[in-house]
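A.B. asks: Protein chains in written order, with our numbering: chain A, 1 to 367; chain B, 1001 to 1367.
Hint data in this document are derived by calculation from the structure and do not stem from the laboratory.
Just so you know, these numbers come straight off a predicted model, no measurement behind them.
Beta carbons: idealized from backbone N, C-alpha and C, even for Gly.
Some clues are possibly wrong.
Stated by the list, open to error - Dumping the calculated DSS-like pairs for lysine-lysine here, alpha-carbon to alpha-carbon at most 27 Å:
hint	chain 1	residue 1	chain 2	residue 2
1	A	K111	B	K1077
2	A	K206	B	K1212
3	B	K1202	A	K314
4	A	K14	A	K360
5	A	K224	B	K1314
6	A	K206	B	K1176
7	A	K206	A	K224
8	A	K77	B	K1111
9	B	K1206	A	K193
10	A	K212	B	K1111
11	B	K1206	A	K202
12	B	K1111	A	K111
13	A	K206	B	K1193
14	A	K314	B	K1212
Stated by the list, open to error - Computed far set for chain A versus chain B, every beta-carbon distance over 12 Å:
hint	residue
15	I9
16	E15
17	T72
18	P138
19	S200
20	K224
21	F253
22	G281
Number of protein chains: 2
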Amino acid sequence: MRAIFAFSIMIITKESLEHFTTQVFEKMGCSIEHAIVAASVLLKADLRGIDSHGVARLSGYVRLWEKKRINTIPQFKIEHETFTTTTLNADRALGLVSAPYGMELAIEKAKIYGCGFTSIINSNHFGIAAYHAMKALPHDMIGIAMTNASPLVAPTHSTQRMLGTNPMCYVFPAKKFQPVVVDMATSAAANGKLEIAQRSGKTIPKGWVQTKEGGETVDANALKNGGSLLPLGSSVTNGSHKGYALSSVVDIFCGVLGGANYGIWVPPFVAFLEPLTNLPGQGLGHFVGAIRVDAFRPANEFTANMDQWIESFKNAERGNPEQPIIIPGEPEYNEEQIRSKEGIPLHESVVLDLMQVAEKFGLHFNA
Amino acid sequence: MRAIFAFSIMIITKESLEHFTTQVFEKMGCSIEHAIVAASVLLKADLRGIDSHGVARLSGYVRLWEKKRINTIPQFKIEHETFTTTTLNADRALGLVSAPYGMELAIEKAKIYGCGFTSIINSNHFGIAAYHAMKALPHDMIGIAMTNASPLVAPTHSTQRMLGTNPMCYVFPAKKFQPVVVDMATSAAANGKLEIAQRSGKTIPKGWVQTKEGGETVDANALKNGGSLLPLGSSVTNGSHKGYALSSVVDIFCGVLGGANYGIWVPPFVAFLEPLTNLPGQGLGHFVGAIRVDAFRPANEFTANMDQWIESFKNAERGNPEQPIIIPGEPEYNEEQIRSKEGIPLHESVVLDLMQVAEKFGLHFNA
């Protein structure tokens, strides 16, 4: 008997992983300020247990940079501005850098006018949306972040990949409890979940993916074989048109509103796929925003009511006495507490990947 | 053989139904201006084919008014205001009246500052969200409308009704095509679909409702029998935590932000259920907003790209050659064209209901 799918996990401290990642971004040409921000976005994903969006993607960013699709010395340019809005041309920057900057612009406008929004165009993938939206929290603001992404999801009734997993993120400050953090792909399942099933040779539940012909499947490789991800809702009867509509909302806010690409034209994250020609916009797009809570009523009244909201949901009747009701953002917060202390577990394939990155830049990676 | 479920449909013109509905609101004490607005919101639902939210609900509003839970001569009061935000106390008005007014405030602020948002508290059910959001379209603005509602939906892992079907609505202007109108309950299925299944004695698909104990069911009466609606996503494996999270976002924006009720405390629409005591807020809440497209880039560039967006989705590969890809809002627009000309079909139970309303107020209802 042999363990076909055996693999090992290595634990690495937050500090050493962050230090290494910062060095890589510096080697790519980023300023030290940009390298620190970019690394902290990836690390936030690893700390919060969103392994698919953390350092596992570092080599992907390197390859895009090698293809000159990422500019590590961008000149950000404000293309349009009002009291509350900014259209920011990111000059092909890392989204890891342009999105936090766009969020800061939004927060500054919100301080004065009540709310602020930034449409970021000509950008690249921005990591986890929650990192950007959560920048609003220390200011007692509601944070919003969305991005469009490489097309993998088919609209209801279609077999064509037209939309990304297009996440929506909304965060709300509370008082004694942790903030409510909603950060979700608008597809039924994210690509990362498929990859886990592929690695372990398992099938996937019905409703995640359809075959190339639009048929039902439980094959974890169906996406690789020309299929497409299904929108949240999974089937016509269970409301997949709603997931399709939500993903469309994200695509329009992120792509159409400011002048980035949208739909099939969103440039792929993987460097081996070339962007389409005749693009209608520039790069991919993000939409971030901040809304001051006390633009509506005193912040301490709001956060006190948020506490009551959270408490009432925690105390909702359970279907299974052993299974607590989860508040959005709570599992990620708990994971962050653990991993900050105990270190971040990396799959050996990620470790190998990072070692290759280290070698490329003459760096040391100590796993 | 007898046709157990036979019923008849009566067709009534838009004009005569609108006239009658306006008269009813006047008889309830509304000013003529308020009566016209309230009737036009209900009619818009009937025209667009959202029969569950049109005049079928008129007697429900009457009963709430009889219970003194709706105030037809409200004094709207601005509780808080910034450049871009308003918290509007609706004084227990019909949401059919307070929401359009709140949207107008948001549009006026957006004209000057780029965007505007109104939190409406102490209100009642507002009909279809799209009516309010679509007021932004003639101004080349993106419109947003949400409301919380009587609790019917259980969070993932819970068996308790904690959230309403809490719709999210986003509308985007286009140029040669009709606007994209996303108006969706954040539950897997709306209550109206259950009622249709109940009337025809049919089962419902798995994933719409769970039993009182949290079990799967296809029984259209399961909700009536103590069960709860499931969030969009339907099951843990297919992402019901995302539908739960979206519904929470709506509840927080509509309830917590301005000081309305939220969660289990949202007052029920049906007059035979009393609101809970010790309410944390006032009435139910809406959140509406407008964002000027040209606060980001020239509106005609945006609408031209919207046209391309729409066209590319219309032309996406079909799973079935006979089944076109649907653009959000398209079926409702098409229905509105037909019903505006040919009249509105009313189920006989609705006709009987309206005849009783007519009798109560000494009016004439000609079906």
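A.B. asks: Next step is simple, just say for each hint if it's right about the structure.
C.D. replies: Evaluated hints:
no.	hint	in the structure
1	A:K111 <-> B:K1077	holds, 24 Å
2	A:K206 <-> B:K1212	holds, 25 Å
3	B:K1202 <-> A:K314	violated, 35 Å
4	A:K14 <-> A:K360	holds, 22 Å
5	A:K224 <-> B:K1314	holds, 25 Å
6	A:K206 <-> B:K1176	violated, 38 Å
7	A:K206 <-> A:K224	holds, 16 Å
8	A:K77 <-> B:K1111	holds, 24 Å
9	B:K1206 <-> A:K193	holds, 24 Å
10	A:K212 <-> B:K1111	violated, 46 Å
11	B:K1206 <-> A:K202	holds, 25 Å
12	B:K1111 <-> A:K111	holds, 19 Å
13	A:K206 <-> B:K1193	holds, 24 Å
14	A:K314 <-> B:K1212	holds, 19 Å
15	I9	holds, 24 Å
16	E15	holds, 32 Å
17	T72	holds, 26 Å
18	P138	holds, 18 Å
19	S200	holds, 16 Å
20	K224	holds, 18 Å
21	F253	violated, 8 Å
22	G281	violated, 7 Å
The earlier numbered hints that this structure contradicts are 3, 6, 10, 21, 22.
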